[in-house]
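A.B. asks: Chain by chain, the residues run as shown.
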Amino acid sequence: MVLEATMICIDNSEWMRNGDYSPNRFQAQADAVNLICGAKTQSNPENTVGVLTMAGKGVRVLVTPTSDLGKILACMHGLEIGGEMNLAAGIQVAQLALKHRQNKKQQQRIIVFAGSPVKYDKKVLELIGRKLKKNSVALDIVNFGEEDEEKREKLEALLAAVNNNDSSHIVHVPPGPSALSDVLISTPIFTGDGEGGSGFAAAAAAAAAGGVSGFEFGVDPNLDPELALALRVSMEEERARQEAAAKKAAEEAAKQEKGEQQSTSQDTTMTENVDPGTSEPDKKTHDLMDDENALLQQALAMSMDDSSSTVAVRDTDMSDASADDHDLQLALQLSVQEGAVDQSNQTDMNKLLADQSFVSSILTSLPGVDPNDPHVKDLLASMQSQSEPNKEDDKAPKEDEKK
Amino acid sequence: MACLHDHNCEEHDCSSDWSLYKHIDLSKVSALNEAVSGSVKSVFRAWEQRLNSSEGYLESNEGDPELIVFIPFTSDVKLKSISIVGGVDGTSPAKMRAFINRDGIDFSDAQNMQPVQEWDLVENLQGVLEYQTRYSRFQSVGNITLHFPDNFGGDTTQIHYIGLKGEATQLKRDVVATIVYELMPNPSDHKTRAETGGGLSQVE
Numbered sequence: 213m214v215l216e217a218t219m220i221c222i223d224n225s226e227w228m229r230n231g232d233y234s235p236n237r238f239q240a241q242a243d244a245v246n247l248i249c250g251a252k253t254q255s256n257p258e259n260t261v262g263v264l265t266m267a268g269k270g271v272r273v274l275v276t277p278t279s280d281l282g283k284i285l286a287c288m289h290g291l292e293i294g295g296e297m298n299l300a301a302g303i304q305v306a307q308l309a310l311k312h313r314q315n316k317k318q319q320q321r322i323i324v325f326a327g328s329p330v331k332y333d334k335k336v337l338e339l340i341g342r343k344l345k346k347n348s349v350a351l352d353i354v355n356f357g358e359e360d361e362e363k364r365e366k367l368e369a370l371l372a373a374v375n376n377n378d379s380s381h382i383v384h385v386p387p388g389p390s391a392l393s394d395v396l397i398s399t400p401i402f403t404g405d406g407e408g409g410s411g412f413a414a415a416a417a418a419a420a421a422g423g424v425s426g427f428e429f430g431v432d433p434n435l436d437p438e439l440a441l442a443l444r445v446s447m448e449e450e451r452a453r454q455e456a457a458a459k460k461a462a463e464e465a466a467k468q469e470k471g472e473q474q475s476t477s478q479d480t481t482m483t484e485n486v487d488p489g490t491s492e493p494d495k496k497t498h499d500l501m502d503d504e505n506a507l508l509q510q511a512l513a514m515s516m517d518d519s520s521s522t523v524a525v526r527d528t529d530m531s532d533a534s535a536d537d538h539d540l541q542l543a544l545q546l547s548v549q550e551g552a553v554d555q556s557n558q559t560d561m562n563k564l565l566a567d568q569s570f571v572s573s574i575l576t577s578l579p580g581v582d583p584n585d586p587h588v589k590d591l592l593a594s595m596q597s598q599s600e601p602n603k604e605d606d607k608a609p610k611e612d613e614k615k
Numbered sequence: 005m006a007c008l009h010d011h012n013c014e015e016h017d018c019s020s021d022w023s024l025y026k027h028i029d030l031s032k033v034s035a036l037n038e039a040v041s042g043s044v045k046s047v048f049r050a051w052e053q054r055l056n057s058s059e060g061y062l063e064s065n066e067g068d069p070e071l072i073v074f075i076p077f078t079s080d081v082k083l084k085s086i087s088i089v090g091g092v093d094g095t096s097p098a099k100m101r102a103f104i105n106r107d108g109i110d111f112s113d114a115q116n117m118q119p120v121q122e123w124d125l126v127e128n129l130q131g132v133l134e135y136q137t138r139y140s141r142f143q144s145v146g147n148i149t150l151h152f153p154d155n156f157g158g159d160t161t162q163i164h165y166i167g168l169k170g171e172a173t174q175l176k177r178d179v180v181a182t183i184v185y186e187l188m189p190n191p192s193d194h195k196t197r198a199e200t201g202g203g204l205s206q207v208e
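Protein sequences, first through last, are from chains A and B. Its first residue numbered 213, the first sequence is counted upward by one per residue in the working numbering. Its first residue numbered 5, the second sequence is counted upward by one per residue in the working numbering.
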C-alpha cells in the first residue's frame, strides 16, 4: 500500500526476437509489464506507472507516470523491436521522469527489464546506482534473456550500489517452461517489499500455482465465502452424525455380545466403524446381522452345555457393558446378580455332576446296588435339580443305605 | 541550565527562543542521502538537549558528504536564526544553503537553483553559534529545505542538532495536500459499501 511512482524500462532490442521464452522474449516481457501495472495500481489507487523503451532509435518515454491503466496498456501495442539497449541512459531518463512526477509525496521506483547484454562497465553502473540511492530512488532489475556471467555481475553490482534497506531487488529468470510473468508474481517486485502483498498478487499467485489451490474443500473462501461455509458446515454435521452412530453401535455391541471371540471381532468391527467412513451405514447393518448371528451361536453353545467358558465370559461381558445409560447399568447389575446366583449354582452343580457321575459309576459298580438303581436314577435325576442340600441329603442316606 | 552565551542567561530563557522545533511537522520531515532512513527526525530537540544525541543523529552515506534536509512546519513561521551542531573530525558541514516553500528539491535542483540565503559554517560543537537570516525574506515560511553541499574533509557529514529560532504565526499555508480534480463525476469512483461485495451479507 506504499504510495509509489514507478517507471518501467522495457528492452525492445534485437535480442527480444528470441523464442526461448514463449511465445518470444518481447511478448513475455509485455505480459509481465501488464501484470506489474495492474498490481501497482491495485495496491494503491494513487500509484502511478510510466513506461519507456531503452532500445530502438533511442530512449523514448511512451507514457509518463499515470494511474490510468488503459493508457499504459494501449502504449504497449505496436512497439517495434530493434537496436541495442542503452541501460544507463534508460535509467537516467527514468529518474528524470520520476523527478517531474505530479505528486511529490510518492516514493520513486524504477523497474528495469534487462534482456540483452549490458555494454556499460561496472563502474559506470555503480555510479548510476549511487546517484539513485542518493536521491532515494529504488530499483528493481529483472534479469532475463541473455545469460552471461559478466551481465549478472554488473547487474548485481548495480543493485548493491542502489540498495537502501532492501527496497531494491533483482530477479534472475532463466528460460524455462513457466512464463516470465508467473515467475515474477512470487517475487518482491510484485509483492512489494514484503508488506504482505496486495490481494491481486496473492490471488494471481494462487491461480498460477496451478490447479490445487490448497484451500479446504478446493474452494477459495475469498472467492466464494458462502459455498466454503456451506461445505464446512455439512462436513461437520456428517462427522457428528457418524460419531453418534458409531457410539450407538458400540453400545449395542457391548450389550448384546456374548462370545469372547465374537466380542473381539465386534470390537474390531466397531473400531473400524468409528472412522468416519461413507459406507458406515452399510457396515452398521452388517454389524446388526453379526449381532444376530452371535446371538444364535451363543444360544447353540448354551444348549451344547459348553457353557463353562461362555458363562464366565458372559459374566465379564455383562459387567463390562459400559453403557452410558444408568438405568441400563442398574438393570444389568440386577440381572448379573440373579444370573450370578444361578450360575454359581450351575457351576457347583457342574462340579457335583462331575463328582456325582464318578460316584454313581462307583455306586453302579458296587454289588447289591440293583434295588438302588431306581434310587440311583432318582439320584441322578435329582442331580439335575437345583437344590444342593437335597442332593447332599440324598447322597448321605444313599451312602448310609449302601453301608 | 548554563548556556555558554556571552550574556547573562538568567535574564531570559534561551530555551524559549529556540522553541520553533515544536512547530515542525515531524512526520513529514525527510532527508536525502541519509545513511539511516528516518534518522533526520532525531536532530530536532529542545535547546537544553542540543548536545544530547543519544537517540541518533543524521549521517550521510559513506563517501558522500552532501545532505538535504526538508523541514515542513505546521503553520507559517518567521525564522530569525538557525543553529547547527555538527560532528567531530571534519564531519561538520561547511556550507548551508536554504530554500523556502519548495517541495521535492533533490540534489540536482539544489545544485542548480539559487538559494534564498547561504552561509559558511564553522565547526560548532557546543551549539553556541547561531546563523542569522535575512529576516525580511523569512517572513512566512511554510517549509524550509537545507542543503549541505560540503563538510570539513570527513568521509561523511554528521549533524547532531538543528535549532531554529523565530516566531510562529497561526497562519497555515497549503492546507489541501493533493487534489484530484474531476471534470465529470464518475460513479465508479464513488463506490458505496452496499455496492461493493456483490450483496453478500456478513457472516460473523
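In case anyone wonders, no lab produced these hints; they're calculated from the structure. From a predicted model like this one, the values you see are computed outputs, not experimental measurements. Be careful, since some hints might not be right.
[To be verified] Pairs of lysine-lysine, DSS-like flavour, derived with a Cα cap of 30 Å:
1) B:K26 <-> A:K269
2) B:K45 <-> A:K343
3) B:K82 <-> B:K45
4) B:K195 <-> B:K99
[To be verified] Cβ-to-Cβ under 8 Å is the rule here; a few derived chain A residues that face chain B:
5) K283
6) K311
7) R453
Cβ atoms here follow ideal geometry from the backbone N, Cα and C, with glycine treated the same way.
A.B. asks: Look at each hint and say if it fits the structure.
C.D. replies: Hints, one by one, checked against the model:
Our distance criterion of 30 Å between C-alpha atoms is broken by K26 of chain B and K269 of chain A, whose separation comes to about 54 Å. The suggested pairing of K45 of chain B with K343 of chain A holds, with an alpha-carbon distance near 23 Å, which does not exceed 30 Å. Of the supplied pair hints, the one linking K82 of chain B and K45 of chain B holds, its CA atoms being roughly 21 Å apart against a limit of 30 Å. For the given pair, K195 of chain B sits about 52 Å from K99 of chain B by alpha-carbon distance, which is inconsistent with the 30 Å threshold.
Annotation: K283 of chain A was flagged as interfacial toward chain B, and the flag is violated, the nearest CB pair being 16 Å apart, outside 8 Å. At about 6 Å, the closest approach between the beta carbon of K311 of chain A and any beta carbon in chain B falls short of 8 Å, and the interface hint on this residue holds. Taken as an interface hint, R453 of chain A does not check out: its beta carbon lies about 23 Å from the nearest beta carbon of chain B, beyond 8 Å.
Against the hints set out earlier in the document, violations occur for numbers 1, 4, 5 and 7.
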